[in-house]
Amino acid sequence: MIHLRGLTKGFGASSVLNAIDLDIPPGQFVALLGPSGSGKTTLLRILSGLEIADTGSITLNGHAAAALPPGARNIGFVFQSYALFGHLSAFENIAFGLRVRPRRSRPSEPEIRRRVEDLLAMVHLDGLGPRLPAQLSGGQRQRIALARALAIEPRILLLDEPFGALDQHVRASLRTELRRLHDTLGLTTVFVTHDQDEALELADRIITLERGRIARDMAPVAGTPTRPRHVKPDQ
Amino acid sequence: MPSDRLIGEPAWLRATAIAATLAVITVMLILPLAVVFTEAAAKGRAFLLAALTDPDALAAIRLSLLVAAIVVPINTVFGLAAAWAVSHFRFTGRGLLVAVMELPFAVSPVVSGLIYVLMFGLQGWCGPWLAAHNIHIIFAIPGIVLSTLFVTLPFVARQVAPLMQALGVAEEEAALTLGASPWHMFRRVTLPKIRWALLTGMLLCNARAMGEFGAVSVVSGHIRGLTNTMPLHIEILYNEYNLAAAFGIAGLLAAMAIATIALRMALEWQHHSSLARGSAAIWNQPV
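Chains as they are written, first to last, in the numbering used here: chain Y, 1 to 235; chain Z, 1001 to 1287.
Possibly wrong hints are sitting among the right ones.
Below, a sample of chain Z positions facing chain Y; criterion: calculated Cβ distance under 7 Å [unchecked claim]:
no., residue
1, 1011
2, 1059
3, 1170
4, 1171
5, 1173
6, 1174
7, 1176
8, 1177
9, 1178
10, 1180
11, 1184
12, 1189
Don't read these hints as lab results, they were simulated from the structure.
We put the beta carbon where it would ideally sit given N, CA and C, even for glycine.
Bound-form chain Z, shown alone (with noise of 0.2 Å):
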């Protein structure tokens, strides 16, 4: 094993390093989040619930959940095809596929949400056919899930495409000479290798999705308890001076975005060498 420290390191530099992150990750995440956490309760257990069972509020909570289930899933399939592909074959293109399944994330959430107004909404250009045919998809349920769909779609993709580019194909290889059909081949070859990378990329993808604002915010319509997600009806509670309810459901927005790390810690505990290596392959391979 290498030791972790690096020779010839003073021990003030190393000093400084953890402090410096320290005090960063303290007053920039954890400060915030005992704000939401002690202001959620400041009213009371009684008010809290009162906030939570409000109809807007469960519909909310309801239409995220939705929004996840639906989401998460096709942007797994999508994301293990799109690894698969990019790792597996070299085809004309390949480099350009990889640099634009990373567009979400470069482009303004705002933005992937005005795209699908320009394309479903009623001036855009699908719209008058869509009105047309009394397809609703622009401030209803469709447009939030689409938008959340492009907002997440390269969670999954992003884990396991190095993984399994750093793989390779010999296993794999040696399975189909052994008589495995490709199906058999990927669910005991493949799949075994690179399912600690898939649940990180499902569970990120899934917190990406319940919490996503701007984009869905563009597309909702803010129609309350029909096209309100937890973070819009987080911010009409706001812009309400609800703020103890505000905090009341940010709170729980938050200790679902905190169940999801910890989830992924756990099972990175639990199988820390498989995680550890495919962690390190997502570091050092360029996707």
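Looking at chain Y on its own, in the form it has when it is part of the complex (with noise of 0.2 Å):
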């Protein structure tokens, strides 16, 4: 599903990725742990296409992506901020993806507003659609910005520190909305966190960057979370 050979990034001097190889099986859930500096944003942002690698190869869904603009990547993208469109209603946000496409794939009004309002469901915020961003909590913007993601119906969904912003409360019940979607859609998600607990609560391998370098790759088991087994990258 994602494979990624000898991927290098640098921005100016110094160096942020390091020849990552890296190769993710379809449906896995992938935390992309670090510490800030380590390259896992970049990387995530290569991905996605928003940021470009010096040198290396991208295959995604087995098609080379490395020259794709992101809109070309079927790739639901996740922001740390947000990154809603202020001016726009939750509806219109989530409906943007739909409205943009070119005329002959672009959906039928009825079916865009089918599609919008099964997404808000989808996010538990039926009826909040006529709400502009500043008027949602936080937990509210970032499930706006999640079913927004999911609307163009990707197969790969990358997050950003998604939670980073918000409290335990609502973090917590935001990791287990995430993983029911990955399971419900059978999507392949990388999750960029700081946070351990919450790598090792969601993901099904957590993968820690160190200067730009994979420094560890792992599996979390069933009880004994603090202590992961490794296991094959490509397993």
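Combine both chains into one complex, guided by the hints.
Take a look at the structure:
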């Protein structure tokens, strides 16, 4: 599903990613863990197409993707800062990815309406469609951002510290829902966090980056969450 | 909401500051404008109408409107492009570009006009070539348009760039990941956020384009009915001791400027919060 080979990225003189090789099979929920500056956000942005790697290859769903613009990768991206469109209602935020499609592949207005209502229900925000982002709580905003990313029916979902700005209680419930959505929609998910507990609770596999390299690659084991066992990357 | 008043601010300081500001504005701005309008009206409506419908006056008004109609769209596109470049990209020479963009504000308009005379005038760099090909820039409308373009270059960029910088790129990136084309991204995400700052820049650019005197004066040649804009026509009338007519045209020019400010205030009123955010960003951010 996601194959990375020799991915390298530098900003000016400093190297941010150093020859990353990574394979993520379909349906896996991967947490990218690491201290700030370890390159985890850069890796996520390269996957999404918002940054371009200096060297290396990216294969998504069997297609070479390194040269594809973000919109052509069929990837959902959730930002830490939500990045909701402040001038658009929650409904229009979710509908955005459908409305900007070329005319021939754009769903009809009733179809858009139906799909947005479904997505609002999926993130438990029925009835809040008319609200502007400023009229929503932090947790509600991130749910809208999640629904917006899922509206384009991506196979891959990327999240960049999505719950970092939220309080513990909201984080816990959003984690549960994210995992549920991942399982029911059959997504492949890459989740950047600096919170080890969050990674252990959510992920099938935890990859730790340090100074632009993969330092550890392991799967958490139920019952012994603090001492995960090693697995082979391709397992 | 934070209070407007600083804690411990003495009442007399507040009163003095407000009184001093009002006094300066009244003496320096409102009184002269009032004089312009009363002088314009002094000889009665029939005279005013005659002064405004004089063929040379009409030609000057038409030329001023034409220049504004050419300059404002060009500087809007340029201002947007420049603001986009300095707020979205880090590149070598970016700081220099921001500084150079301010140049028309720093340089005297007369110098701006002279630059074009030096470049395109008969004795200038391109002068002989232009003369050989029968292209007229200096003492013709292209020269007036060029020098007005130069003088009004910074208005839109200065309004829009700090706001774009303050807004950041997160929403634009979100639009891209959702499959928006760059045009869709600009049209549906960027433009709605900058539109009031953009409009303010365009209105200021328009007011200056119609009112510019110095730069235009150098390149125009003052040919009546052909290359006189409204400000130049006013000066000619004034130099001929035709004060009443001069004040008539000046009244019209001032009214156009006031209408521009009024339009801006009305928009600000209507979309208070959005424009206020833009203004705050303009004052707080270096360009």
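Hints, one by one, checked against the model:
{"no.": "1", "hint": "1011", "verdict": "36 Å, violated"}
{"no.": "2", "hint": "1059", "verdict": "44 Å, violated"}
{"no.": "3", "hint": "1170", "verdict": "4 Å, holds"}
{"no.": "4", "hint": "1171", "verdict": "5 Å, holds"}
{"no.": "5", "hint": "1173", "verdict": "5 Å, holds"}
{"no.": "6", "hint": "1174", "verdict": "4 Å, holds"}
{"no.": "7", "hint": "1176", "verdict": "4 Å, holds"}
{"no.": "8", "hint": "1177", "verdict": "4 Å, holds"}
{"no.": "9", "hint": "1178", "verdict": "4 Å, holds"}
{"no.": "10", "hint": "1180", "verdict": "4 Å, holds"}
{"no.": "11", "hint": "1184", "verdict": "5 Å, holds"}
{"no.": "12", "hint": "1189", "verdict": "6 Å, holds"}
The earlier numbered hints that this structure contradicts are 1 and 2.
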